[in-house]
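**Student:** These protein sequence lines are chains F and D, in that order. In this text, residue positions in the first sequence follow the numbering used here: the first is 66, and each later residue adds one. In this text, residue positions in the second sequence follow the numbering used here: the first is 66, and each later residue adds one.
Be aware that a few hints might be false.
Said to hold, decoys possible - Calculated pairs, DSSO-like style, for lysine-lysine (alpha carbon to alpha carbon, straight line, at most 27 Å):
no.: 1; chain 1: F; residue 1: Lys390; chain 2: D; residue 2: Lys237
no.: 2; chain 1: F; residue 1: Lys70; chain 2: F; residue 2: Lys408
no.: 3; chain 1: D; residue 1: Lys203; chain 2: F; residue 2: Lys360
no.: 4; chain 1: D; residue 1: Lys360; chain 2: F; residue 2: Lys203
no.: 5; chain 1: F; residue 1: Lys142; chain 2: F; residue 2: Lys240
no.: 6; chain 1: F; residue 1: Lys142; chain 2: D; residue 2: Lys390
no.: 7; chain 1: D; residue 1: Lys172; chain 2: F; residue 2: Lys203
no.: 8; chain 1: F; residue 1: Lys172; chain 2: D; residue 2: Lys390
no.: 9; chain 1: F; residue 1: Lys203; chain 2: D; residue 2: Lys390
no.: 10; chain 1: F; residue 1: Lys376; chain 2: D; residue 2: Lys117
no.: 11; chain 1: D; residue 1: Lys175; chain 2: D; residue 2: Lys237
no.: 12; chain 1: F; residue 1: Lys390; chain 2: D; residue 2: Lys358
no.: 13; chain 1: D; residue 1: Lys203; chain 2: F; residue 2: Lys358
no.: 14; chain 1: D; residue 1: Lys142; chain 2: D; residue 2: Lys175
no.: 15; chain 1: F; residue 1: Lys117; chain 2: D; residue 2: Lys390
no.: 16; chain 1: D; residue 1: Lys376; chain 2: F; residue 2: Lys171
no.: 17; chain 1: D; residue 1: Lys117; chain 2: F; residue 2: Lys390
no.: 18; chain 1: D; residue 1: Lys142; chain 2: F; residue 2: Lys390
no.: 19; chain 1: F; residue 1: Lys142; chain 2: D; residue 2: Lys376
no.: 20; chain 1: F; residue 1: Lys390; chain 2: D; residue 2: Lys203
no.: 21; chain 1: F; residue 1: Lys358; chain 2: F; residue 2: Lys74
no.: 22; chain 1: D; residue 1: Lys237; chain 2: F; residue 2: Lys142
no.: 23; chain 1: D; residue 1: Lys241; chain 2: D; residue 2: Lys292
no.: 24; chain 1: D; residue 1: Lys390; chain 2: F; residue 2: Lys170
no.: 25; chain 1: F; residue 1: Lys376; chain 2: D; residue 2: Lys142
no.: 26; chain 1: D; residue 1: Lys182; chain 2: F; residue 2: Lys390
no.: 27; chain 1: F; residue 1: Lys240; chain 2: F; residue 2: Lys182
no.: 28; chain 1: D; residue 1: Lys182; chain 2: F; residue 2: Lys360
no.: 29; chain 1: F; residue 1: Lys142; chain 2: D; residue 2: Lys408
no.: 30; chain 1: F; residue 1: Lys182; chain 2: D; residue 2: Lys360
no.: 31; chain 1: F; residue 1: Lys376; chain 2: F; residue 2: Lys408
These are calculated hints, taken from the structure and not from any lab test. All values derive from a computational prediction rather than experimental measurement.
There are 2 protein chains.
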Amino acid sequence: MVNLKYELKYQDKNTKARYGILHMARGSYETPIFMPVGTQGTVKTLSPEEVKACGAGIILANTYHLWLRPGADIVEKAGGLHPFMNYDRPILTDSGGFQVFSLAKKKDIKEEGVYFKSHIDGSSLFLSPEESIAIQNKLGADIIMSFDECPPYPVTYEYMKTSVERTLRWAKRGKKVHANTKQALFGIVQGGAFSDLRKWSAEETVKLDFDGYAIGGVSVGEDEVTKYQMIDAAVSYLPPDKPRYLMGVGDPVDIIEAVIRGVDMFDCVLPTRLARHGNALTKTGKINLRNAKYKEDFTSLEDNCSCYACKHYSKAYIRHLLISKETLGGRLLSIHNIYFLIKLTDELKEAIKENRLLEYRDEFITSWYNKR
Amino acid sequence: MVNLKYELKYQDKNTKARYGILHMARGSYETPIFMPVGTQGTVKTLSPEEVKACGAGIILANTYHLWLRPGADIVEKAGGLHPFMNYDRPILTDSGGFQVFSLAKKKDIKEEGVYFKSHIDGSSLFLSPEESIAIQNKLGADIIMSFDECPPYPVTYEYMKTSVERTLRWAKRGKKVHANTKQALFGIVQGGAFSDLRKWSAEETVKLDFDGYAIGGVSVGEDEVTKYQMIDAAVSYLPPDKPRYLMGVGDPVDIIEAVIRGVDMFDCVLPTRLARHGNALTKTGKINLRNAKYKEDFTSLEDNCSCYACKHYSKAYIRHLLISKETLGGRLLSIHNIYFLIKLTDELKEAIKENRLLEYRDEFITSWYNKR
Chain F
66 MVNLKYELKY QDKNTKARYG ILHMARGSYE TPIFMPVGTQ GTVKTLSPEE VKACGAGIIL
126 ANTYHLWLRP GADIVEKAGG LHPFMNYDRP ILTDSGGFQV FSLAKKKDIK EEGVYFKSHI
186 DGSSLFLSPE ESIAIQNKLG ADIIMSFDEC PPYPVTYEYM KTSVERTLRW AKRGKKVHAN
246 TKQALFGIVQ GGAFSDLRKW SAEETVKLDF DGYAIGGVSV GEDEVTKYQM IDAAVSYLPP
306 DKPRYLMGVG DPVDIIEAVI RGVDMFDCVL PTRLARHGNA LTKTGKINLR NAKYKEDFTS
366 LEDNCSCYAC KHYSKAYIRH LLISKETLGG RLLSIHNIYF LIKLTDELKE AIKENRLLEY
426 RDEFITSWYN KR
Chain D
66 MVNLKYELKY QDKNTKARYG ILHMARGSYE TPIFMPVGTQ GTVKTLSPEE VKACGAGIIL
126 ANTYHLWLRP GADIVEKAGG LHPFMNYDRP ILTDSGGFQV FSLAKKKDIK EEGVYFKSHI
186 DGSSLFLSPE ESIAIQNKLG ADIIMSFDEC PPYPVTYEYM KTSVERTLRW AKRGKKVHAN
246 TKQALFGIVQ GGAFSDLRKW SAEETVKLDF DGYAIGGVSV GEDEVTKYQM IDAAVSYLPP
306 DKPRYLMGVG DPVDIIEAVI RGVDMFDCVL PTRLARHGNA LTKTGKINLR NAKYKEDFTS
366 LEDNCSCYAC KHYSKAYIRH LLISKETLGG RLLSIHNIYF LIKLTDELKE AIKENRLLEY
426 RDEFITSWYN KR
């Protein structure tokens with residue numbers, strides 16, 4: 066039996082939003098959930114204890130990166146990702162597909178898989194549905210993903226149709242070779258900005274009976290209206306008894322809008338990437354701590370925030386660390402930003418349970434765009 | 066009354082080594098003690114909680130760096146270094162002298178002080194005994210240092226004699242303006258590799274009656290024999306009822322040899338600097354984790370080490386972090402290296418109490434040079 070069961074606890078009356086619980090061997094986690102990203106087997110600048118102190122349950126790791134470095138065999142010899150990186154809560158690995166299409170060089174997409182060159186040393190590599198599953202089996206995450214093509218935006222209808230068909234054939238091949246029944250396997254809905262392809266991709270992927278369904282290829286450059294239509298078009302055809310995961314989306318407003326449309330799971334590098342550039346997420350929008358106006362600001366990043374950074378440090382100190390190129394600065398901002406997004410999903414759960422999700426959205430957006 | 070009292074608990078029978086306790090407003094700390102360095106108001110890559118978990122009591126911060134950035138006034142407005150950097154144990158600030166002589170550009174040493182240009186932006190600056198004390202009063206450390214000249218090695222006898230005389234006059238001027246009696250003030254013995262100048266510097270500095278005495282200008286390029294002679298020449302003329310602090314020395318063998326010669330306090334950037342370059346301190350010498358031989362080494366950095374890094378991570382994982390440029394790698398090595406030096410001083414205390422310090426030295430050195 067696969068170690069994942071989605072329990073729908075409460076369906077919002079006014080929207081498609083839902084509050085649920087993901088039951089897994091490494092614990093039960095409420096949804097909507099934000100999953101921090103540990104690309105190379107570490108959430109950038111943070112220890113696993115810090116990630117957990119931010120309230121994190123499931124975290125992500127990237128198959129493409131770990132396959133290239135240190136290599137799937139080394140992670141397997143270490144006993145899998147959990148002992149290797151010292152994280153005892155659930156881990157999700159992606160298929161490597163997205164990174165092949167976004168990072169790798171000289172890609173050649175064939176029916177059997179993708180030939181490409183490593184972004185690290187230029188060496189020739191090949192990734193297929195079977196190879197992706199084999200690597201993910203070695204990495205040993207709790208949730209693994211089907212190998213898919215994530216086309217750029219925009220592409221022609223014809224290209225996207227061909228791509229969705231291939232991704233479906235790849236999903237079948239991957240499912241066939243996935244032997245480790247302890248790892249849940251998710252299918253991925255593609256289809257770009259074409260509603261009928263999203264519908265078709267969702268329906269056909271659901272027929273293959275995965276443990277959960279992801280929506281890929283969203284937030285790749287399209288406008289806001291299109292983005293939300295793509296989510297709507299996919300979620301409408303996904304079953305209510307399985308979790309729905311919107312890949313790579315972490316903008317707070319996008320998370321709220323996607324939850325309203327029935328999405329349960331999110332991941333994004335946004336909180337750690339913003340931190341690296343000196344930014345903190347606050348209810349009144351992003352602020353950049355490098356700004357000279359924080360030089361003598363001895364208040365915390367955000368009022369009433371209970372994260373480690375806000376409990377112990379001032380904007381002035383964090384600014385000093387950033388200006389002085391001290392790594393603790395980015396670390397404190399990473400903690401705050403991850404805590405912020407996890408707290409956002411906690412507030413969304415409460416709002417769903419109390420039937421005030423749309424009011425919450427309006428309040429959040431009013432505050433978010435009312436920049437200081 | 067000054068918040069520092071040295072209590073001599075046990076004088077080694079075979080050497081000049083001693084076990085004691087430094088009683089301060091922020092707690093009592095046993096000596097010999099290793100003090101990690103937080104140059105810019107943060108021990109590089111670590112949180113204050115991690116520094117304390119390594120066993121640290123007193124830590125250092127650098128007056129020169131904090132004066133330039135963020136500025137002494139900002140730290141004062143924050144309530145001093147302790148709340149600014151979130152460290153509630155004692156802090157020691159140096160005088161800024163050493164950095165002026167090692168980092169700053171276009172130095173012009175006059176009787177009134179030193180004119181120089183900032184290493185950050187080239188701006189013209191002036192540091193004097195009075196200004197150094199005024200800055201350190203604002204930073205608010207528990208122990209502050211006299212402003213001294215630290216000449217390079219080697220210099221002529223004449224130069225060193227003139228320098229020691231000036232450093233003595235500077236020590237008097239600094240002591241005169243030090244108004245904040247909550248901060249202990251240490252004098253600094255200079256004199257380079259000239260035993261008679263070390264003796265004279267020690268005797269004259271002691272006459273000024275400081276709360277403790279530092280030995281400066283050691284480990285600046287001289288050979289091992291000279292180094293230990295310089296320590297001997299200084300310590301012999303320091304009073305038994307005051308702490309003795311050897312500035313900037315953190316090599317494990319040097320610490321042992323200096324403890325044998327009667328030194329109580331040490332600071333050095335060595336553990337964090339080694340970490341930045343991928344090195345771990347072990348009883349069998351330094352090892353570099355970037356080495357390919359650790360690629361599949363799933364053992365901890367050191368057997369029987371109880372530091373956070375050794376309890377949870379393998380050499381293979383730390384190597385992966387270093388190769389992948391993930392900051393957690395340097396952080397884990399910093400934790401291990403600081404823990405290593407603090408544990409060394411703990412073992413030295415035990416060896417002193419049990420009258421087996423020389424045996425401990427021999428065992429340590431045999432293991433240290435018996436590299437793997």
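**Student:** So, for every hint listed, does it hold in this structure?
**Tutor:** Results of checking the hints against the structure:
In summary, the hint linking lysine 390 of chain F to lysine 237 of chain D is not supported, as the alpha carbons are separated by about 37 Å, beyond the 27 Å threshold. Straight-line distance between C-alpha atoms of lysine 70 of chain F and lysine 408 of chain F comes to about 24 Å, which keeps the hinted pair within the 27 Å bound. A threshold of 27 Å between alpha carbons decides the hint, and for lysine 203 of chain D with lysine 360 of chain F the separation of about 17 Å falls inside it, so the pair holds. A C-alpha spacing of about 17 Å is found between lysine 360 of chain D and lysine 203 of chain F, which places the hinted pair at or below 27 Å, so the restraint holds.
Distance restraint check for lysine 142 of chain F and lysine 240 of chain F: the Cα-Cα separation of roughly 24 Å lies within the 27 Å cut-off, and the hinted pair is therefore satisfied. Between lysine 142 of chain F and lysine 390 of chain D the alpha-carbon distance is near 22 Å, which keeps this suggested pair within the 27 Å criterion. Between the alpha carbons of lysine 172 of chain D and lysine 203 of chain F the distance comes to roughly 60 Å, so the proposed pair goes past 27 Å and is violated. With a CA separation close to 26 Å, the supplied pair lysine 172 of chain F and lysine 390 of chain D stays within the 27 Å bound.
At roughly 23 Å between alpha-carbon atoms, lysine 203 of chain F and lysine 390 of chain D fall within 27 Å of each other, so this suggested pair holds. With a C-alpha separation of about 18 Å, the suggested pair lysine 376 of chain F and lysine 117 of chain D falls inside the 27 Å cut-off, and the hint holds. For the hint pairing lysine 175 of chain D with lysine 237 of chain D, the CA-to-CA distance comes to about 16 Å; that is within 27 Å, so the pair holds. Our distance criterion of 27 Å between C-alpha atoms is broken by lysine 390 of chain F and lysine 358 of chain D, whose separation comes to about 32 Å.
The straight-line distance between the Cα atoms of lysine 203 of chain D and lysine 358 of chain F is roughly 22 Å, inside the 27 Å bound, and the hint therefore holds. Taking the CA atoms of lysine 142 of chain D and lysine 175 of chain D, the gap is near 32 Å; set against the 27 Å cutoff, the hint is violated. Pair hint lysine 117 of chain F plus lysine 390 of chain D holds up; C-alpha atoms about 22 Å apart against a cutoff of 27 Å. For the given pair, lysine 376 of chain D sits about 43 Å from lysine 171 of chain F by alpha-carbon distance, which is inconsistent with the 27 Å threshold.
This hinted pair checks out: lysine 117 of chain D and lysine 390 of chain F have alpha carbons roughly 22 Å apart, not beyond 27 Å. Distance check on the hinted pair: lysine 142 of chain D and lysine 390 of chain F sit about 22 Å apart at the alpha-carbon level, within 27 Å; holds. Pair hint lysine 142 of chain F plus lysine 376 of chain D holds up; C-alpha atoms about 18 Å apart against a cutoff of 27 Å. The straight-line distance between the Cα atoms of lysine 390 of chain F and lysine 203 of chain D is roughly 23 Å, inside the 27 Å bound, and the hint therefore holds.
A threshold of 27 Å between alpha carbons decides the hint, and for lysine 358 of chain F with lysine 74 of chain F the separation of about 46 Å lies outside it, so the pair is violated. At roughly 64 Å between alpha-carbon atoms, lysine 237 of chain D and lysine 142 of chain F are farther apart than 27 Å, so this suggested pair is violated. Between lysine 241 of chain D and lysine 292 of chain D the alpha-carbon distance is near 32 Å, which puts this suggested pair outside the 27 Å criterion. Among the hinted pairs, lysine 390 of chain D with lysine 170 of chain F is consistent with the structure: their alpha-carbon atoms are about 21 Å apart, no more than 27 Å.
Only pairs whose Cα atoms come within 27 Å are accepted, and lysine 376 of chain F paired with lysine 142 of chain D is accepted, the gap being roughly 18 Å. Proposed proximity of lysine 182 of chain D and lysine 390 of chain F is supported: the alpha carbons are some 21 Å apart, at most 27 Å. Proximity of lysine 240 of chain F to lysine 182 of chain F is assessed by CA-CA distance (about 26 Å); at most 27 Å being required, the pair is judged to hold. For the given pair, lysine 182 of chain D sits about 23 Å from lysine 360 of chain F by alpha-carbon distance, which is consistent with the 27 Å threshold.
Distance check on the hinted pair: lysine 142 of chain F and lysine 408 of chain D sit about 32 Å apart at the alpha-carbon level, beyond 27 Å; violated. A threshold of 27 Å between alpha carbons decides the hint, and for lysine 182 of chain F with lysine 360 of chain D the separation of about 23 Å falls inside it, so the pair holds. For a cut-off of 27 Å, the pair hint linking lysine 376 of chain F to lysine 408 of chain F stands: about 15 Å separates their Cα positions.
When the structure is compared with the earlier hints, violations turn up for hints 1, 7, 12, 14, 16, 21, 22, 23, 29 and for no others.
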